[in-house]
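Q: Residue strings, one per chain:
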Amino acid sequence: MALLKNITLDNGITVKYHRIVSIWHIINQTTIIETASYTSQEKREEEQQATQNGTEMNVYINTERIPIPYDSNLNITGAYEYLLTLPKYKKATSIWEGSADAQR
Amino acid sequence: MSKYPLIYKLKDDNNTDYTALSNKPTINSVTLTGALSSSDLGLVDDETIGSLTDLTTETQSSIVAATNEINAKFPVSIANGGTGGTTATTARTNLGVMTGEQLYYNASGSHGSIILSSSIANYKMIEVFYMFAQTGGSSFGEIRDNSVRAWNNESSTCGFNITYTDAFLDGTANENRLELMASMVKITATSLTFGDEKMCIFRPKNTSSSAGTVTVQNITDALEIKIYKVIGYKY
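Chains as they are written, first to last, in the numbering used here: chain W, 1 to 104; chain V, 105 to 339.
Check the hints yourself; a few may be wrong.
[Unchecked claim] Straight line, CA to CA, 16 angstroms or less: simulated EDC-like cross-link-like pairs of lysine to aspartate or glutamate:
| no. | chain 1 | residue 1 | chain 2 | residue 2 |
| --- | --- | --- | --- | --- |
| 1 | V | LYS333 | W | GLU56 |
| 2 | V | LYS333 | V | GLU205 |
| 3 | V | LYS302 | W | GLU56 |
Worth flagging that the hints you see were computed from the coordinates, not collected in a lab.
Using the sequences and the hints, build the whole thing.
A: Below is the structure:
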């Protein structure tokens with residue numbers, strides 16, 4: 001699953017494809033959602049291919065770690081639903097990675 | 105009846121019946137007829153073998169013994185200029201030389217979770233190349249070729265700290281400022297993750313303050329440290 005939305009960063013780079021990389025649970029303290037944003041889905045696929053094949057790549061990735069109140073039950077689906085409540089990802093389109101929707 | 109007696113022609117000793125033989129002898133399947141050289145018959149010339157007394161081995165009794173003496177010296181020990189091994193891995197281990205394999209490379213660098221192409225449990229040592237990427241502010245730009253080496257000795261986990269110092273003149277506050285960025289990096293099998301990135305700022309006393317200050321803060325925006333290459337080393 002991933003989110004599509006054009007977001008221009010402070011450095012001027014516009015990222016469009018956003019996915020959750022990891023969810024960290026600091027027991028009884030906080031839960032952290034790590035996101036990665038790419039300039040396009042093609043670049044995300046380039047990263048996947050390079051990782052799988054052990055080859056080089058040139059992919060800009062903007063990462064962010066979002067701390068939220070501790071929730072040991074938070075899973076990937078719940079994390080994406082949480083992101084959609086944030087102003088940054090408001091009105092973003094949800095897609096499954098590799099779907100045709102991401103080609104538009 | 106003829107007046108001449110029948111005379112039997114005597115056989116010429118120089119013209120034997122050999123040529124008439126239908127089953128002539130052979131050497132190495134070559135029929136012995138005509139002028140044949142040792143090469144024609146597949147015979148080794150003595151001159152190509154050489155003399156046993158010319159062998160430089162201690163054993164000169166036979167070629168087999170001399171050859172066995174030589175074979176007994178392999179693998180050649182390090183003391184005799186060899187590697188002491190019969191495989192590349194053994195040779196490198198004996199000589200203490202490791203070979204490196206690239207596990208990750210992204211020219212843009214990343215300060216998020218990174219997936220390696222092979223588990224660090226396959227390597228003796230891990231080297232992580234990082235850069236300090238300015239996303240705004242002063243003009244230091246990207247600085248590459250910094251790396252941290254960590255001996256993991258084929259362990260599946262490895263952790264270390266990456267630190268970077270930056271000194272510049274803060275024109276607004278009119279003071280020389282020293283910043284120390286630090287982040288813990290942890291590698292578990294093929295997953296490399298950053299800990300929180302922290303900045304320690306040293307501000308000396310300036311004309312308007314009575315004392316310098318040192319502050320420590322977590323960096324959540326404009327993360328500075330990015331990893332662009334990971335190399336694994338093994339024998």
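Q: Does V:LYS333 pair with W:GLU56 here, judged by a C-alpha cut-off of 16 angstroms?
A: holds (9 angstroms)
Q: Decide if the proposed pair is consistent with the structure: V:LYS333 and V:GLU205, CA atoms, cutoff 16 angstroms inclusive.
A: holds (11 angstroms)
Q: Could you grab the alpha-carbon distance between V:LYS302 and W:GLU56 and see if it respects the 16 angstroms cut-off?
A: It is violated: about 29 angstroms lies between the C-alpha atoms, which goes past 16 angstroms.
The structure does not agree with numbered hint 3 stated previously, though it agrees with all others.
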